[in-house]
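For the protein sequence lines, the chains are V and F, in the order given. Take 2 as the starting number for the first sequence in this note's numbering and just add one per residue. Take 2 as the starting number for the second sequence in this note's numbering and just add one per residue.
Warning: the hint list may mix true and false statements.
The list makes no distinction among identical chains, and a pair is therefore deemed to hold if it is satisfied within one copy or across any two copies.
What the hints assert, rightly or not - No more than 25 angstroms apart at the CA atoms, straight line, and that leaves these computed lysine to any residue pairs for SDA-like: (1) K250 with A165; (2) K229 with V162; (3) K229 with P105; (4) K229 with A61; (5) K95 with P105; (6) K95 with C158; (7) K250 with P26; (8) K250 with G265; (9) K250 with A18; (10) K95 with D163; (11) K250 with D88; (12) K95 with K250; (13) K95 with E159; (14) K250 with P60; (15) K95 with C85; (16) K250 with R129; (17) K250 with R233.
No lab work stands behind these hints: they were computed from the structure.
Number of protein chains: 2
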Amino acid sequence: MDLTPRIERTLEQALRAAAGADCPPRLADALHYAVFPGGARIRPRLALAVAKACGDDDPAAADAAAAAIEFLHCASLVHDDLPCFDDADLRRGKPSAHRAFGEPLAVLAGDALIVLAFETIAAAPMRRPERIGALVGVVGRAVGAQGGITAGQAWECESAVDLAAYHLAKTGSLFAAATVAGAAAAGAAHEPWRALGETIGEAFQVADDISDHVGSEAQLGKPAGRDKALGRPSAVLELGLEAAVGRLKSLVARAAALVPPCPGEADFRALILHETRRFMPSGMKTVAA
Amino acid sequence: MDLTPRIERTLEQALRAAAGADCPPRLADALHYAVFPGGARIRPRLALAVAKACGDDDPAAADAAAAAIEFLHCASLVHDDLPCFDDADLRRGKPSAHRAFGEPLAVLAGDALIVLAFETIAAAPMRRPERIGALVGVVGRAVGAQGGITAGQAWECESAVDLAAYHLAKTGSLFAAATVAGAAAAGAAHEPWRALGETIGEAFQVADDISDHVGSEAQLGKPAGRDKALGRPSAVLELGLEAAVGRLKSLVARAAALVPPCPGEADFRALILHETRRFMPSGMKTVAA
């Protein structure tokens, strides 16, 4: 089943509530611009898939968790693109938020999306509102200073960096939130889902490094070759292309093996193998087969 | 009773948890710098005072709500000081966060403090965890795009501005969160506390405008006369000094009259009159007497 319509609907509803009459019009525009049209919505689709594999007994909780994770992802893109970080002109094939709206509204849109993520969880019409605390905690950890996305970005401001901690914080943490929050939304024991999310995140990061190396700007919707230009760590620059592809394959296999026991285990494992193929750069789709 | 030690302890504990081994050291330093030493902690003291007036039957909830509000206040100061907004060199008598740590870490510290606010609520050892949803909702509304602080700041990016909406969003919203969240933390009907918080916020804003006009940089810990220099709205520039002081007096009287019925009503009303005197610029302390 395609989960995308369910995700887009939740994002639209939450954003409409957050950007109504009391929201300055240009901020409302910037928020919409940062969220729509989206990318592949990989993280919220992963969250919903895990919730379904765990029985999905509270769909409003799963929807809210998935939307929160996507809002945080969009916030991180808007802030990462700012002149003081990547100074990126393009994102998803259009001008980055600060190029389109100016730097003040880009900072504020990112801030407001972080807030909206938590509001979305708190406002969801859940059957089991006692799950709100766990969901806020899991999602907060993924973006906070203690190993979350802000920590990942802040490692770029340090002279000495632990590469594994850097990638885990910058990319793995939000994938881990997707699997863990998906399970928590469905009332399952959720920490057993963390290693799976982190491994999918690592696979995604390697695939992203490969894309940056072999893709074109038209394919990526942003400039290619940025890792090398910005001196950023990259599996391709570190290992070479062939070994990076090998690493990607082994991460996908490891992810499939890490699926915890759950009602929908077999289907979910097949989905993981199918979905991780979406990570592949065009022309390399068979790599994970 | 002085509530400050209780507040400082909660802020320190929450920050220690958020800036531990998995937090890049310079980000940890920037977070600490943004929160300590604090200003008057007016908002969290207000939140705790309301919780006490309402019976304070879940002190951990009140502590967490108060700390969350202060973290969000600190985040807003760090981001407002950024070069793309006020470009402020000084804050609380020391270099602003981006002057001390650079712009990337200032953006990230603000982001991480927003996240930490919500994590603090979710992680509190509450007796009544079913209050988490209301607290996250109330606090989120105060800083979100729909009439919260980000909306307030974003009004500065519009060509036409409703001044009342601007002040309510930029200043009133977080004071309203303090009263409303204080009541919600204690399990009281919380929306009746909103008008009081908004009125205190309005009084604070007028007092701030007066301070900016009559204070010195040494008294303020930041440059004086910024409203005029930056063309920002100000009650003093709009009404003149004398009428602004009159407006402040009437707002304080209105606030005292807006205290909802609660077990500690008389004491709380006296506290409001005492505390609002702290807003007064040095040499004008008798104004609200």
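Could you work out which of the previously given hints the structure breaks and list their numbers from low to high?
The structure breaks hints 4, 7, 9, 10, 11, 12, 14 and 16; every other hint is satisfied.
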